[in-house]
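Could you slot chain W onto chain E? The hints should help.
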Amino acid sequence: MKTFFLTLVSLTLISAGALAESPNERVHVLQKRDYSVKNKIEVGGLFAMSVDDIFTQHYAGVLTLDYHIDEAFALEFTWLSCKIPFYMGDKVSDDPAAYTGGWLRSGHSYTDAYYNIKDDAQLSPSNADLAMISNYWGLNVEFSPIYGKFSLFNWGLARADFYVTAGGGVVTTEYMRPDKSWVDTGLYFMGSFGMGFRIFLARWFAIRLDMRDLTFAAKVEGEAGATGTTTETKIRSTLFVMLGVSFLFGGEEPVQIWSPY
Amino acid sequence: MRKIISIIFALAVLPGALAFAQGNKSDQLNQAVEAYNANNLADAAKQFYDVKMNDPQAGNRAQAEYYLAQSLFKMGMYQSALAFYNAVFVAGPAHPYYIKGAEGLVNVAQALHDDTLIPSQINKYYNSQEFAKMDPMILSRINFYVGLLLYRQEKYGESMAFLSAIDQKSRVFAKGLFLQAIIHIRLGVRYNLARDEARTQAEYDQAIKLFEQIVDLSGREEAKAMKAIASYDNIVRLWQLCTLNQARAYYGKGDYAKAVMYYTRIPKFSQDWADALFEMGWAYFMREEYGRALGALHTLHSPRYNNLFAPESWILKATIYFHVCLYEEASAALNFFNQRYESMLPTLKGILDAGLPNEKFASLLLLDKLDKADPMAKVPELVRLSILTSPRVENFRHFLRSLEAEAKAIEQVGEWKGTRLRDELAGVVTVQRNLLVRTAGGFVKANLQNRYQTILGFVGHAKMVKLEITSHERLLLKAGLSIKAEERGKLAPRPNVPDETYNYWPFKEEYWRDELGYYVYTVRRACPAK
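As given, the protein sequences belong to chains E and W, one line each in that order. Under the working numbering, the letters of the first sequence match residues 297 to 557, in that order. Under the working numbering, the letters of the second sequence match residues 80 to 609, in that order.
The shape of chain E in the complex, shown without the other chains (with noise of 0.2 Å):
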């Protein structure tokens, strides 16, 4: 895969002096990497936000620290945050207004289906459909099997790569109960989908557009019956699109002999 999404114009100049294609002859390119992320360290920053999910909306900062075992692949220890892990507010509280953190709290919020269905239809979603996940600490690993590069407007060259991610880790959730007090579901194993692409602008800096599908249990507040409240557990799964930039650290410097060019 030569070029993949954009290749608006690319160098195709094709050379008054080609000769037509021969059936007995094939042209490749053979060509030294510009770059090279064996045992690079990357380091991330990411916006991302959900897309997905009906009742809820999350707007989250994502750290990621990869570090290349090769060309190919990479371990990934991710962070995504919506909320600043044990800042704002107790476990399970009663007060709403313990949870105001300012604009770290807006990293949750309910969307519009949700206010129209309690509001007007005077019903509420499940408790677990209104789960929200406040942070994530995963392990994944990262497979590039694909390369790629193009050219906008002849403004010169971008490289990069396609890959794919798997792994796991831990989630804590929360949610909002109807008399809007907040719960914190405490701590859970989540598992965690992706593919992205990163552009490489230059050896030690590229833009990553990744998505990710963050899939766990969530455990809440079932019905109140008779012998108390019950526990409900409905598997959930949020799909985030991240944006953001990562810096590129380490690795092999290509051996440098001396030119005068």
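Everything labelled a hint here was simulated from the structure, so no lab data went into it. What you were told as hints is all true, and nothing was included just to trick you.
Pairs of lysine-lysine, BS3-like flavour, derived with a Cα cap of 25 Å:
id, chain 1, residue 1, chain 2, residue 2
1, W, K457, W, K439
2, W, K587, E, K328
3, W, K347, E, K328
4, W, K563, W, K609
5, W, K428, W, K542
6, W, K248, W, K179
7, E, K414, E, K515
8, W, K234, W, K288
9, E, K328, W, K337
Chain W alone, transformed into the frame defined by chain E:
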């Protein structure tokens, strides 16, 4: 009687008058020197010229002549200065400023970027005994110029003698070493043609040693290289040329692997890259790495080098195809050669046979825009560009610009208005300009002839390859085999990616700038089994 009295009177008075005139001239010389020391150069030049022309004392005239040249040199009127330095120099050791005149000539040669006319003048009057008294740095430069001149005349032994006499501290020391290395290469080629293997190898080894010595001046690291840059003329370019010529020397020795190693050190898009690609094509061909050879030529035939004059590259391409029995492809390459290069021959011949004087050729080199009526406007673009890329072109242009600026400057000096000095200097510049135009024209003409002969030579090669193709196709038919290569053999598999630091891309008729230089062909193995 009255007559006798008059004569006696005249004889009595004359020595006094002469002494008065002499005193007057000596005063003028002193005034001129004072003006010179006060940096009032136009006035000094005017007075020195007057002394030079009118002073009865030879010593004064000689001094004035030299300082006139010095004044003009300091005013940046190099061509005018040259005329008087030359007069001093040509007068020989009897002139009290002979050595200084020679030094002046060297300084003018440097200022005018002239490596032809002045060196040839110095060589003509070279006096080793007298020159030994000269500043060793100036003498080294003279030795370099003379060495260069003799090298161009293919007098390699004599040239070597001058070049090896260059002082190690001289700014032209590295240039001298480089020229010696090039002479060894030339001798290597000569012995190779004479099939003297031992001497061929010895010459190339000597050349490689000298190239290494030049590169060693850099210390092979940036910090030390900066010191060398401050000490030697054009050293960076010499280092670059050393890489290319080391590759050539190894090629000459038949060590194609090392030749390729040095060729690949020449960075992409540098001014030597096209040469390196073409010669690398040959080196791969000699190693029978046909896919890589064709790959190198693929870059050379890409749009980046659309305007490159490279007729031989198409002959090489055809030869490679011929070697792998891809006759259709070989014929296509030859047809392309014919269409692109052979078609130029009638035009070039027309220009060369038109009996134009040398001056008429100069416009190709000296003018940025050619008038349609100018015969040089008919020169095919590829040929014109190939001539303009010669480093000597910039020297010619620099010389011309300098002469034009000097002519203007002479006009504008107020002190010289209406003087003989101005007329003489204007005349000198005009004569030199005419000479330059003739020389530049001669250079262009020689180059056009060279291009014509080059193409003509390869037309002959092309015909030979075509003949071979026809006879091989006949053999195929006789053996009952198909002429079509695709019916004769298998297409080689795509090349292996050496390691993960390489990216593989298929070539789909798109030239990506970053891919130039990385092409590899796989071809059908179409030669019948023997």
